[in-house]
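Visitor: The lines below spell out each chain.
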Amino acid sequence: MRLLRPNLTLRRRMALPVAPVTDPQTNVLPPAREGNTALRWIKENLFSSLFDSVLTIISLLFLFFALRLALDWVFNLAQWDVITENINILMKGAYPSDQVWRIWLGLYLLGAIVGINLRAWNRELNRTTIAIAAIPLILALLPFASENARINLIIIQVTSAAAYLLTSILGDKRRRQLAAVMSILYIPVFILLLEGFTDEDGIMPLVKSDLWGGLLLSVLLATVGIIFSLPLGIVLALGRRSRQPAISALCITYIEVVRGVPLISILFMGNIMLQLFMPQSLPPIDRVVRVMMAITLFTAAYMAEIVRGGLQAIPKGQYDAAYALGFSGLKSMRVIILPQALRIVIPVIVSQFIGLLLDTTLVALVGLFDLLGIGQAILSNPNWLGRSQEVYVFIGLIYWILATSMAFASQRLEKNLGVGRNYDESQ
Amino acid sequence: MNRNSAPARTEDPIIICRDVQKWFGKYHALKGISMEVMPQEVIVIFGPSGSGKSTFIRTINRLEAHQSGQIIVDGIELTHDVRNIERVRMETGMVFQQFNLFPHLTVMQNITYAPMYNRKWHRSKAEKVAMELLERVGIPEQAEKYPAQLSGGQQQRVAIARALAMQPKMMLFDEPTSALDPEMIKEVLDVMIELAQSGMTMIVITHEMGFARAVADRLFFFDEGLVVESGTPDELFNFPKEERSKQFLAQILSH
Numbered sequence: 001m002r003l004l005r006p007n008l009t010l011r012r013r014m015a016l017p018v019a020p021v022t023d024p025q026t027n028v029l030p031p032a033r034e035g036n037t038a039l040r041w042i043k044e045n046l047f048s049s050l051f052d053s054v055l056t057i058i059s060l061l062f063l064f065f066a067l068r069l070a071l072d073w074v075f076n077l078a079q080w081d082v083i084t085e086n087i088n089i090l091m092k093g094a095y096p097s098d099q100v101w102r103i104w105l106g107l108y109l110l111g112a113i114v115g116i117n118l119r120a121w122n123r124e125l126n127r128t129t130i131a132i133a134a135i136p137l138i139l140a141l142l143p144f145a146s147e148n149a150r151i152n153l154i155i156i157q158v159t160s161a162a163a164y165l166l167t168s169i170l171g172d173k174r175r176r177q178l179a180a181v182m183s184i185l186y187i188p189v190f191i192l193l194l195e196g197f198t199d200e201d202g203i204m205p206l207v208k209s210d211l212w213g214g215l216l217l218s219v220l221l222a223t224v225g226i227i228f229s230l231p232l233g234i235v236l237a238l239g240r241r242s243r244q245p246a247i248s249a250l251c252i253t254y255i256e257v258v259r260g261v262p263l264i265s266i267l268f269m270g271n272i273m274l275q276l277f278m279p280q281s282l283p284p285i286d287r288v289v290r291v292m293m294a295i296t297l298f299t300a301a302y303m304a305e306i307v308r309g310g311l312q313a314i315p316k317g318q319y320d321a322a323y324a325l326g327f328s329g330l331k332s333m334r335v336i337i338l339p340q341a342l343r344i345v346i347p348v349i350v351s352q353f354i355g356l357l358l359d360t361t362l363v364a365l366v367g368l369f370d371l372l373g374i375g376q377a378i379l380s381n382p383n384w385l386g387r388s389q390e391v392y393v394f395i396g397l398i399y400w401i402l403a404t405s406m407a408f409a410s411q412r413l414e415k416n417l418g419v420g421r422n423y424d425e426s427q
Numbered sequence: 428m429n430r431n432s433a434p435a436r437t438e439d440p441i442i443i444c445r446d447v448q449k450w451f452g453k454y455h456a457l458k459g460i461s462m463e464v465m466p467q468e469v470i471v472i473f474g475p476s477g478s479g480k481s482t483f484i485r486t487i488n489r490l491e492a493h494q495s496g497q498i499i500v501d502g503i504e505l506t507h508d509v510r511n512i513e514r515v516r517m518e519t520g521m522v523f524q525q526f527n528l529f530p531h532l533t534v535m536q537n538i539t540y541a542p543m544y545n546r547k548w549h550r551s552k553a554e555k556v557a558m559e560l561l562e563r564v565g566i567p568e569q570a571e572k573y574p575a576q577l578s579g580g581q582q583q584r585v586a587i588a589r590a591l592a593m594q595p596k597m598m599l600f601d602e603p604t605s606a607l608d609p610e611m612i613k614e615v616l617d618v619m620i621e622l623a624q625s626g627m628t629m630i631v632i633t634h635e636m637g638f639a640r641a642v643a644d645r646l647f648f649f650d651e652g653l654v655v656e657s658g659t660p661d662e663l664f665n666f667p668k669e670e671r672s673k674q675f676l677a678q679i680l681s682h
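Sequences listed follow chains A and B, in order.
Sequential numbering from 1 applies to the first sequence in the working numbering.
Sequential numbering from 428 applies to the second sequence in the working numbering.
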């Protein structure tokens, strides 16, 4: 028997048909052998009954025709010159062409910061890290990228890789400090870079934010909104739960008023009304900044309710334990309660972020030219009459890629933090 | 263990409660409890559910605020003063029925965070002390696991180690074995007995009368927000005076 067994397992592993052998000790037949998995899967899931088979065939026919129509349109009917001709304006709006190097410089920096962060927060190079790191290279390979864009994208890729490698010199802790500081500093530095500060002849002449547009503006608005609305939302959620009646009343009023009003009216308020109420002596606030504030303040109210939901899911025993160990109210919130509460609501927070990204298209209504606004501007040009399908499909594709990558990133984050698994599989 | 060198019992009580009263809305939960606990004394509180024993023990580190009477812990009177409350909590370890470990932190982090954040210890010191405590409660090999990966008995032992890491002067146990399967009760009680023998001041709510017999200096029987009867284990088990205590003891000792 001892001689026979390894032989049997070997044959099983090789998936050779073996006649059932009764275990001589128990007289029990081994379980029935299972056949080829792919074929079995198809049979079990697609053709398990007559009704299933009919449904499968109908769906396949539908998919086939839909796909054929779509591909036919993409490759034969659509005239993509409207995208390739206007790719610069779609990406950056009316930002002056001779100053575009500043955007690229900002993106080199972004590449470097992504490199540093990937090195700082990931233990080893895994597939996701490589996928994120290789985004510039992938973009450079896209068919409609211009020669200039390709060169710049490759420079970004090189900067990113260089930053990744250079950061390896540092210790674990230093690396993370560097990554955190650089990330926090990045947004203001990037905005300063775009805006410029010298006069006409200087090296970085002022570019009024009215000229910013396209994908650049959309991503900028969404990023700023995401970065600032979460902390503000947390503060509002904690304020709402505060025992001080004045603070909680203030937070409740804010949250409920903002949630009771559509984003577009807040954008109008920020854009038109705010200037009327501002004292004359103060310099007017930049229009893009006003819109950023409006989006942030709007999203923060929703974020507050999401965070509050997470806080309510934390059992009272956690507070008891933290207090009993001598944690002060603020410390127990920061170290014990909030980390747990935020983990629970990651999926909701990310879906709110996706909503924010898509809502940035509303800024076109207050006169900013975001990606969608630029698209509409292009379509109103008589040269591009009747190309709305191409333009909208392209813009929709960009939003879909951005939103899906956020959803994907959220799933990775949930997996890494062990959300919904009671933490027993984490690490 | 580090208590072996502690001075012999002094005459000053470490916990003084005088006529402690507490209402939940209209419900009178504590109707005037008085108790003095000497350093190194082990007190066992028992009584039917709803008798206020849990509420009482939670007033000692002010997880519940009392509304009249006086509570003085380690020379500090508990009032609304937040700083006093935090000082008392640092000297008072507490172990809960439901363990209340922090699920997002490893066992090691569960134990080291409080001394690092609240006693400002360096991480290396906190981890060294945590390892010693994990060895003391018999689970040094679980340090890097998460609470959900441990059995109930192991979790409760981590909770005891977590409370001890703050090096408290006294420990409060709120029904530490009531949520455990029978075979795990012993491992937790063994740790508590060792702790009592090492000279820790302890107030324990439990119905484990074997434990009470082994290490308790005094027993308090609570019913309807009052101390019905108190005394040494010998007095209460063998010569209970009050009818209510006789009945209750007969019920919990009958099997």
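Be careful, since some hints might not be right.
Claimed, not checked - Facing chain A, a subset of chain B residues (Cβ under 8 Å, in silico):
hint, residue
1, W450
2, N488
3, L490
4, R516
5, M517
6, Q525
7, F529
8, A541
9, Y544
10, M593
11, V655
12, S657
13, F666
14, E670
Said to hold, decoys possible - List time: in silico DSSO-like cross-link candidates among lysine-lysine, alpha-carbon distance up to 30 Å:
hint, chain 1, residue 1, chain 2, residue 2
15, B, K458, A, K316
16, B, K458, A, K331
17, A, K316, B, K668
18, B, K547, B, K596
19, B, K596, A, K415
These are computed hints drawn from the structure, not numbers from a lab.
Nothing here was measured: the structure is a model prediction, and the numbers come from that model.
Even glycine gets a Cβ: it sits at the ideal position worked out from N, Cα and C.
Visitor: For every hint, state whether the structure bears it out.
Guide: Now the hints, each set against the structure:
The restraint placing W450/B at the interface with chain A is violated, with a minimum CB-CB distance near 19 Å, outside the 8 Å limit. A distance limit of 8 Å between C-beta atoms decides the matter here; for N488/B the minimum to chain A is near 6 Å, and the interface restraint holds. With its C-beta approaching chain A no nearer than about 6 Å, L490/B sits inside the 8 Å limit, and its interface hint holds. The beta carbon of R516/B is positioned within 8 Å of a beta carbon in chain A (closest approach about 4 Å), and the interface hint is therefore held.
Among the interface hints, the one on M517/B holds; its C-beta lies about 4 Å from the nearest C-beta in chain A, closer than the 8 Å criterion. About 5 Å separates the beta-carbon of Q525/B from the nearest beta-carbon of chain A, less than 8 Å, and the hint is met. Interface restraint check for F529/B: the shortest CB-CB distance to chain A comes to about 6 Å, inside 8 Å, so the restraint holds. Evaluation of the A541/B hint against chain A yields a held restraint, the C-beta minimum of about 4 Å falling below 8 Å.
Using the Cβ-Cβ criterion of 8 Å, the hint placing Y544/B at the interface with chain A is satisfied: the shortest such distance is roughly 6 Å. Interface hint status for M593/B: upheld, as the beta-carbon distance to the closest one in chain A is roughly 6 Å, under 8 Å. Here the hint on V655/B is broken, as its CB sits about 27 Å from the closest CB of chain A, past 8 Å. With its C-beta approaching chain A no nearer than about 25 Å, S657/B sits outside the 8 Å limit, and its interface hint is violated.
Because the smallest distance between the Cβ of F666/B and any Cβ of chain A comes to about 36 Å, over 8 Å, the interface hint for this residue is violated. Of the supplied interface hints, the one on E670/B is violated, with its beta-carbon coming no nearer than about 35 Å to a beta-carbon of chain A, more than 8 Å. Among the hinted pairs, K458/B with K316/A is consistent with the structure: their alpha-carbon atoms are about 25 Å apart, no more than 30 Å. Taken as a hint, the K458/B and K331/A pair is broken in the structure, with Cα atoms around 34 Å apart against an allowance of 30 Å.
Restraint check for K316/A and K668/B: the C-alpha separation of about 39 Å exceeds 30 Å, so the hint is violated. Taken as a hint, the K547/B and K596/B pair is honoured in the structure, with Cα atoms around 18 Å apart against an allowance of 30 Å. Taken as a hint, the K596/B and K415/A pair is broken in the structure, with Cα atoms around 41 Å apart against an allowance of 30 Å.
In summary, the structure is inconsistent with hints 1, 11, 12, 13, 14, 16, 17 and 19 from the numbered list given earlier, while agreeing with the others.
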